[in-house]
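Asker: The residues making up each chain are set out below.
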Amino acid sequence: MLKLDQIHKTYMTPQGPLRVLENVSLTLAPGQSLALMGESGSGKSTLLHLAAGLDLPDQGHIALAGQNLASLAEPARAKLRREQLGLVFQQFHLVPSLSVIDNLRLQARLAKREDADWSAHLIERLGLEGLEKRYPEQLSGGQQQRLAIGRALALRPALLLADEPTGNLDETTADEVLELLLSLVHETQCALLIVTHSLQVAAPLDRCLRLRHGRLLDAAL
Amino acid sequence: MTQILSTLLSHYRRHPGQLAMLLLGLWVASALWSGIQAINATARDSYARADALFDTQLDQLERRDGAPLTLTDYHALRQSGLPVSPMLEGEVVTQDGTRLTLIGIDPLTLSSNNALSQTDSSASLTDFLAPPWQTRAAPDTLAALGLERADAPGATPLLADGNRLPPLVLSPPLPPNTLIMDIAAAARILSSGDKVTRIVTAPDTLTEAPDGLMLTRATSLATPGQLTESFHLNLTALGLLAWIVGLFIVQAALGLALEQRLGMLRTLRVLGVSGRGLILALSLELILLGIIGALAGIASGVWLARVLLPDVAATLGSLYGAGVGQELNLPWHYWTGGLAVSLGGLLLASSGVLWRAARLNMLQLGQMQAWRSGYRRQLMLMGIAGALALITALTLYGWLRFHPPGEGLVAGFGLIAALLLASALWLPLLLALVLKGLTTLTRRRPLIHWAFADMQLQLPKLSLAMMALLIALATNLGVGSMVGGFRLTFLDWLDQRLVAPLYLNAPAEQYADIDAWLAERDDVSERLLTRRSNATLQSVDSAKGSRTLGGPVELYGITPGESLTPHWPLLATQQGRSSAWAAFDEGSAFVNEQLATAENLSTGDRLTLSAPGINETLTIAAIYPDYGNPSGQILMASPQLAARFDAPPSSMGLVLSDNADVEALRTALNERFDLGRDALTDQAEIKRIATEIFERTFTITRALNVLTLAVAALALLASLLAQARTRRQQLAPLWALGVPRSQLAWLNLAQLGGAALVTGLLAIPLGIAITWGLVAIINVAAFGWRLPLYLFPGEITVTLAMAMAVAVALLAAAIPALRFWRASPRALLAEETHQ
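Sequence order for the protein chains is A and B. Read left to right, the first sequence gives residues 1 to 221 (the working numbering). Read left to right, the second sequence gives residues 1 to 835 (the working numbering).
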């Protein structure tokens, strides 16, 4: 599903070049789940952005759903993202101008893969019934993150990428959201890559890798 | 307090765009306002100095036969014991080509209460009277003479014709571009021999005109200040409009700055700053920024006034004969007034923001207001305010309907302002409703659906700029249509009035001989003799009763005939055109629209006119348009005017037969009557001059119109720049979900272009309403004549509204859109993360 091969990434900063990822390789098979752990600044989010085609590596190859991201132009990468990937961010990234139901269906509609029954099922599973006509700012943090998960899964993606999905939530809400996320991932049979620094989040997943100073260490669990 | 202030100001260090937008708003608002005030102040100063001159303070005598007065006439009058004084007036050309008015006076006989006849001492009187004489001039005339102020006293500037002026003495009360000297010195420079231009006397010294002379009372001469009042009022209205549009920018910037500083305000309150202290610090910040913006604005305003003043001076000179100096002359209160108006505007624009800041609960301060519910409340309030503005407009319209057309200049401006305000206040409401409808309709097209929904989100921040754009576009359309319509009407009117291809100007005593001579020639088919005189309109008898008036009127005689009569436009007649002309031939009069409006005259009314030794009653047979004439005028058949008011001939239009040779006629006239080459003027030349004057008249109107539109465009651009960062944050999730950046950039442009297009479309009916207000109310009240309402649907309306609105919005949108296009994904996501 996802293959990263000898990835290098350096950012130019006012203080000089900053090496963020160095010789990172990993593979994620369809239906498999993987946690990527590491401290702040270890390069986790950069790796996730590269995997999503939001950015390109300086060296190395990334293959997503069998396609080499580096060989694709920006519109083609956007199409791949639109049709194959679900993204969940720590900051939710909901569209403030759209209602709950429109936010949930947004990506599925963009990919022309809307399934009304599945959307209704997600609304029910996410506990957002009765809130469909509300707007994101009228939801709690937990509800917003559940909605973000729903939006990512509404198109039944092949791969779900989640960047600290519970990082902005309190402990109880975080547990609820994580449980829901894993349950829905299981239901959709999609591959899952979660970037986190929480062992609790990483524990239920099939595999866990650790990043330190841009280098991938041995499996943490 | 310093710490709080520096903390508040630190926001602008991180958001310099907002600071620039705030200062820009203040700058343009005060620049345009103070620029116009500088022009008005300079003009008023010139009028005040001209009023102090004899032109409007002394009764004047001229020869009834139009021949020049001579010293012999003067001596005869003095010998008969009349206290009169001779005056010589002419033009001299300086070395840089500037034309200056040279006035020669006799200080010994000139009325002693006139500013010019007063001298400091007997010694200076001797210097004025005796060789080498003196030239008195105001300091702002020195530039035309190529002199600095320090070098001026005693200088003897060389003129273009080689003559030297007598030694200069500075005299600040004199009007600009005017030189005063003893009549003997003036006669030498003007080579006028024993001719004098006019003979003057103190007001009301003579009860009637001496034999062969015409007496014009000082009271019948309108002062430049009176004549130009409406012109300056129009300028002030345009300046006020630009000021308001500028304040829209200020309010938008302040609102944005407050919203983004809510967290900071909460922190300051939590750290122990009192609510009052916070408001005080915000006020101090505003004053500090206000002073910077206002000073920059006033400096730019003075520069703008310097640029526009020559055209304004030319306009006022050609329209009203009012001399205005080309150098700014600003009193101290101009500077303080400009600062006060700018700071007052800032207070007005910031009052809402300060009120909101004062009302915020400390615990809720950091939470962004739920924009949706907050904006709904705001829209409702704007809707109510718009309804109140519309009710005000309707009330003013009702008031104007029940008052004579000449009244209500201020009410007319009020009506237009209320209409503009109502439309501007309803614009966001209308846009919100349209967007809501479109969002619902496009539910199955996710990106378009998002674009409309997102536009609703942007509306609170864009609405002020859109309102400013609507006002500027509608005003631009309104004023543009008015000027365009005026131009068409004026040119049409010129064609109708100037039917003869040639016009002859000759000494009055020669017309009878010339007429007889021309009557014998085959190449001249019609001779249209005109006559002019002045009279006082004593009273009017109408069906409603009798009224006493007492104002001055011009009397103008024309020769009705087959060339002139069919084309002469008439606005109202008693029993149709042919009856009106028949009555005209028999001694009835036509009055111009200005006079009819000013004195509420109708056809059928009987006017009693008096001139020295003359009392006549005339019936009004028709009312005719007389565009551009600031005075009331009564039109009579030329023979009737000669018989009843002893009016001298003033010109003659020559209608030529088909095969006439103009050059041969010109030569023959010269040989027979020794008239000079300039005596015959082509119709085309007269039209060219008239059109040139017309075009210059509207130079400043056009300039201010364009500047106001530019200010509105700046408001839109500034609003967009100020929220460019937020926009990128809003667009980034879409991009992350797989919408290509190029598509997002195009959508962003389409959103703003569409909003501007809707605004432009709404500006069209509003612009038409403004045109109507200008031609039907303002013009009538300000100038006394009504223009036909011309619309230019094919050209002006569509081109201006669509092209300007769309171009402005696209241009404004381009920068943030391009920044989005160029921004690296990491930067976008980083912004998102720090949201």
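A hint or two may mislead.
[Said to hold, decoys possible] Below, a list of computed lysine-lysine pairs in the DSSO-like style, where the Cα atoms sit at most 27 Å apart:
no., chain 1, residue 1, chain 2, residue 2
1, B, Lys-461, A, Lys-133
2, A, Lys-79, A, Lys-112
3, B, Lys-687, A, Lys-133
4, B, Lys-461, B, Lys-436
Please keep in mind that the hints were generated in silico from the structure rather than gathered at the bench. If you're wondering where the values come from, they're calculated on a predicted model, not measured in any experiment.
Asker: Which hint numbers doesn't this structure obey?
Answerer: 3
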